[in-house]
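**Student:** Sequence:
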Amino acid sequence: MTNEQFESQMQYEVRMSIMRTMLKQGLITKSEYDKIDTKFLKKFSPIFGDLYR
1 MTNEQFESQM
11 QYEVRMSIMR
21 TMLKQGLITK
31 SEYDKIDTKF
41 LKKFSPIFGD
51 LYR
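Letter 11 of the sequence shown, counting from 1, is numbered 11 in my numbering, and no numbers are missing.
These are computed hints drawn from the structure, not numbers from a lab.
Bear in mind that the values here come from a model prediction, so they are computed numbers and not experimental data.
Treat the hints with care, as some may be off.
Listed below are the simulated DSS-like cross-link pairs for lysine-lysine, each with C-alpha atoms no more than 27 Å apart in a straight line [said to hold, decoys possible]:
no., residue 1, residue 2
1, Lys30, Lys42
2, Lys30, Lys43
3, Lys35, Lys24
4, Lys39, Lys24
5, Lys43, Lys24
6, Lys42, Lys24
Model the full structure from these sequences, guided by the hints.
**Tutor:** Written out as structure tokens, the structure reads:
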């Protein structure tokens with residue numbers, strides 16, 4: 001894994017962790033969460049992104 005891939009993976013994971021917290025707290029819906037996840041997968045192209053879905 002290159003440094004760039006590592007950074008992309010970490011950026012994705014940090015943001016999705018925040019989104020999961022917001023989902024659990026009822027601040028966003030499951031539909032909104034799924035849309036955000038799709039956008040972040042495209043933006044960050046994490047190596048292990050599909051494993052989290």
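**Student:** Take the hints in turn and mark each one as holding or not.
**Tutor:** Outcome of the hint check:
1. Lys30 / Lys42: Distance of about 19 Å is within 27 Å: holds.
2. Lys30 / Lys43: holds, 20 Å
3. Lys35 / Lys24: holds, 16 Å
4. Lys39 / Lys24: Holds, because 20 Å separates the two Cα atoms, which is no more than 27 Å.
5. Lys43 / Lys24: Holds - the C-alpha atoms of Lys24 and Lys43 are around 24 Å apart, at most 27 Å.
6. Lys42 / Lys24: holds, 23 Å
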